[in-house]
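**Student:** If you're matching them up, the sequences are chains A and B in order.
If you count by our numbering, then the first sequence holds residues 1 to 331, one letter each, in order.
If you count by our numbering, then the second sequence holds residues 1 to 338, one letter each, in order.
Think of the hints as simulated: they come from the structure by calculation, not from any bench.
Among the clues, some could well be false.
[Said to hold, decoys possible] So, partial list: chain B residues that the calculated Cβ filter (under 7 Å) puts toward chain A:
#1 L70
#2 K89
#3 R94
#4 Q101
#5 M102
#6 F104
#7 A109
#8 A110
#9 F111
#10 D112
#11 Q114
#12 E123
#13 F124
#14 L127
Beta carbons: idealized from backbone N, C-alpha and C, even for Gly.
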Amino acid sequence: MSVVSPRASGSSAPVGRRRLIDSARSSRLVVAVATAVILVVALVWDPDWRALRVVVSVLAILVAPAVWDSQRRVIRPAVAVMLALILMALIGPLFTRDPLMLSVGESLTGPSGDLWFGTDQFGRDIFARVIHGARLDLGVGFSAAALAVIVGMPLGALAVFRGGLFDSVLLRISEAFQSFPTLLLALGIVAAVGPSIPILIFIIAIVNVPVYLRLTRSAVAPIVNADFVLAARCAGQRELTILFRHILPNVRQVVLAQFSVNVAWAIQILAALSFVGLGVPVPTPEWGAMVREGYEQLVYGRWWVSVFPGVAILTTILTLNQLSDRVRHGT
Amino acid sequence: MSTQTSPNGGPVVEVRELVKDYVTRDARLRQHIARAVDGVSFEIGAGETFAIVGESGSGKTTVGRVLLKLTSATDGTVTFRGDEILDIKERHFRPERRHMQMVFQDPLAAFDPQATIRSSLREFTRLSGIETRLEQNEAIARAVRSVGLEPDIVDRRPSQVSGGQLQRLSIARSLLPEPELLFLDEPTSSLDVSIRGQIVNLLLDLQESNDLAYLLVAHDLRVVYAMAHRVAVMYLGQFVEVGARDQVYANARHPYTRGLLEAAELDEPPRRGDPVRLVGEISEEAATKPGCRLTLRCPYAVERCEEPQPLRETSAGHLVRCWRAVEQPVEIGLPPDD
Numbered sequence: 001m002s003v004v005s006p007r008a009s010g011s012s013a014p015v016g017r018r019r020l021i022d023s024a025r026s027s028r029l030v031v032a033v034a035t036a037v038i039l040v041v042a043l044v045w046d047p048d049w050r051a052l053r054v055v056v057s058v059l060a061i062l063v064a065p066a067v068w069d070s071q072r073r074v075i076r077p078a079v080a081v082m083l084a085l086i087l088m089a090l091i092g093p094l095f096t097r098d099p100l101m102l103s104v105g106e107s108l109t110g111p112s113g114d115l116w117f118g119t120d121q122f123g124r125d126i127f128a129r130v131i132h133g134a135r136l137d138l139g140v141g142f143s144a145a146a147l148a149v150i151v152g153m154p155l156g157a158l159a160v161f162r163g164g165l166f167d168s169v170l171l172r173i174s175e176a177f178q179s180f181p182t183l184l185l186a187l188g189i190v191a192a193v194g195p196s197i198p199i200l201i202f203i204i205a206i207v208n209v210p211v212y213l214r215l216t217r218s219a220v221a222p223i224v225n226a227d228f229v230l231a232a233r234c235a236g237q238r239e240l241t242i243l244f245r246h247i248l249p250n251v252r253q254v255v256l257a258q259f260s261v262n263v264a265w266a267i268q269i270l271a272a273l274s275f276v277g278l279g280v281p282v283p284t285p286e287w288g289a290m291v292r293e294g295y296e297q298l299v300y301g302r303w304w305v306s307v308f309p310g311v312a313i314l315t316t317i318l319t320l321n322q323l324s325d326r327v328r329h330g331t
Numbered sequence: 001m002s003t004q005t006s007p008n009g010g011p012v013v014e015v016r017e018l019v020k021d022y023v024t025r026d027a028r029l030r031q032h033i034a035r036a037v038d039g040v041s042f043e044i045g046a047g048e049t050f051a052i053v054g055e056s057g058s059g060k061t062t063v064g065r066v067l068l069k070l071t072s073a074t075d076g077t078v079t080f081r082g083d084e085i086l087d088i089k090e091r092h093f094r095p096e097r098r099h100m101q102m103v104f105q106d107p108l109a110a111f112d113p114q115a116t117i118r119s120s121l122r123e124f125t126r127l128s129g130i131e132t133r134l135e136q137n138e139a140i141a142r143a144v145r146s147v148g149l150e151p152d153i154v155d156r157r158p159s160q161v162s163g164g165q166l167q168r169l170s171i172a173r174s175l176l177p178e179p180e181l182l183f184l185d186e187p188t189s190s191l192d193v194s195i196r197g198q199i200v201n202l203l204l205d206l207q208e209s210n211d212l213a214y215l216l217v218a219h220d221l222r223v224v225y226a227m228a229h230r231v232a233v234m235y236l237g238q239f240v241e242v243g244a245r246d247q248v249y250a251n252a253r254h255p256y257t258r259g260l261l262e263a264a265e266l267d268e269p270p271r272r273g274d275p276v277r278l279v280g281e282i283s284e285e286a287a288t289k290p291g292c293r294l295t296l297r298c299p300y301a302v303e304r305c306e307e308p309q310p311l312r313e314t315s316a317g318h319l320v321r322c323w324r325a326v327e328q329p330v331e332i333g334l335p336p337d338d
């Protein structure tokens with residue numbers, strides 16, 4: 001805290017430059033809010049996911065500079081892999097065969113120069129299906145986690161702000177949700193409502209809202225009476241302004257760390273639901289469903305049917321966990 | 001020194017019988033009431049510094065926070081610029097906040113860590129109705145110069161600035177809305193001893209040039225001596241001695257005040273009366289007693305001290321909450337006259 005930069009005296013040139021950076025910061029916030037809005041609209045409205053693709057592209061462009069760690073002059077591997085996965089989901093499907101086309105080759109042929117990941121029992125191209133599956137798994141994972149953040153984070157902060165009965169009721173409800181195993185809860189709801197992609201996203205989001213609610217609540221509680229919040233009150237700011245300008249930005253990092261873990265969870269839940277047959281309808285390519293279709297073949301030595309989608313799930317989840325770690329430690 | 005008055009006649013702020021209870025509930029939902037402030041009255045005039053001294057836990061910071069309506073009061077009245085403010089709803093009070101500002105103990109905690117100092121300062125320009133960015137930046141630059149810093153420092157983040165500089169910026173920020181009353185909550189205690197003097201001098205200069213009323217809360221008796229016109233000594237929610245600075249410092253009547261001064265080992269002013277050594281520590285259980293709350297720590301405590309003790313005047317403007325100091329000064333080691 002006692003460090004003073006050596007060019008403390010007099011130079012007025014950097015002022016304008018820094019002001020630019022300041023405005024860049026607020027424009028990033030605008031992008032984030034706009035993204036959230038488009039995301040919600042896309043979920044409710046757009047069955048073909050076109051808007052979602054636009055959003056994901058924007059996000060990818062925003063994240064891209066983070067691949068290079070300029071301080072240590074190295075590539076951040078987790079960010080690079082994540083970006084590759086996102087790009088794969090976005091433009092990969094343009095370069096593959098039709099994942100639904102039956103009998104591209106013989107059924108259950110092993111990996112070869114022509115069919116890199118081999119074919120499944122219906123002769124479909126597994127490589128094409130893994131690539132297309134990325135679109136669905138990442139799409140569902142990200143949007144479910146985003147929806148959970150959008151609902152859970154303000155609710156958690158509000159719980160601290162309002163306190164009292166509001167806080168208690170909210171906590172009891174979230175405890176009720178959390179007392180069920182996540183998968184079982186999702187299973188029950190899907191069994192009752194029937195599987196479709198928007199419903200899956202919605203359900204995965206719902207079971208994750210309590211996570212963000214509690215996380216935000218515990219992160220906000222120690223700073224809700226911090227001096228800088230009192231100062232903002234002295235400045236005559238309204239409570240909501242204080243919440244969004246001073247409190248939520250200060251818990252952003254904690255929540256962001258949880259977000260990437262949460263995307264991984266969402267993909268796991270989706271894969272698990274698909275594995276037991278309650279996820280996406282056949283024949284849509286989805287990693288979890290593909291693992292299930294392939295596991296009977298394992299005993300006959302036809303490993304490629306479920307191993308390749310399995311590796312895709314593994315890579316994605318490991319990458320997201322690694323990302324979350326990086327965010328938490330601020331590197 | 002008697003109370004000075006603001007241009008419209010009365011004091012800037014007038015506090016009467018202020019009470020603040022903190023209600024907590026334990027695991028069995030039983031209520032526990034802790035009375036942090038118990039019937040405090042004072043007033044501050046323009047250009048005057050009123051200081052409250054006392055140990056941690058005496059409730060002195062709470063007084064200031066209630067005064068600025070950052071915490072609700074349980075009872076009592078606060079009249080600011082002629083208007084009773086405790087009953088005003090926050091919504092209507094917000095524009096009035098420009099007239100009363102606060103300087104915090106720890107400047108690093110008083111600034112939003114993820115915002116630039118400029119944006120923290122900018123918030124405070126809105127209160128005085130400055131709308132355009134250009135004018136806001138000019139106001140910020142003026143305020144930062146007035147506390148002796150270069151304006152381009154505001155483009156850093158709080159963690160990139162030294163503690164002393166940050167406290168100057170905190171003072172600059174509190175002056176941006178051009179307040180009449182400044183609540184100084186231990187403004188020097190988190191700073192290095194070497195820069196305390198600078199901050200004290202800065203505050204004195206600013207008071208003189210802006211005719212500011214200061215409510216100073218501190219436990220550093222040297223800082224209080226340098227800044228205050230009048231001093232109140234607070235113990236467990238009550239004022240035990242109130243008076244002009246020299247009355248309290250040179251002629252302390254209450255055993256608690258004498259104990260504090262003794263412990264501080266001040267070189268000046270010379271004190272009259274025997275030195276008092278306080279024993280034990282401040283304990284909140286004593287805060288519920290009807291009588292004197294110091295009896296367990298006071299070398300002069302007798303049976304009558306357990307009766308309720310009003311603040312009594314020993315000489316003009318000098319109030320003491322100790323019957324022995326008024327009626328039996330010689331027995332408790334004081335010179336007979338005030």
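**Student:** Please go over all the hints and tell whether each is borne out by the structure.
**Tutor:** Evaluated hints:
no.	hint	verdict
1	L70	holds, 6 Å
2	K89	violated, 13 Å
3	R94	holds, 4 Å
4	Q101	holds, 6 Å
5	M102	holds, 5 Å
6	F104	holds, 5 Å
7	A109	holds, 4 Å
8	A110	holds, 4 Å
9	F111	holds, 6 Å
10	D112	holds, 5 Å
11	Q114	holds, 5 Å
12	E123	holds, 4 Å
13	F124	holds, 5 Å
14	L127	holds, 5 Å
Violated hint: 2 only; the structure is consistent with all others.
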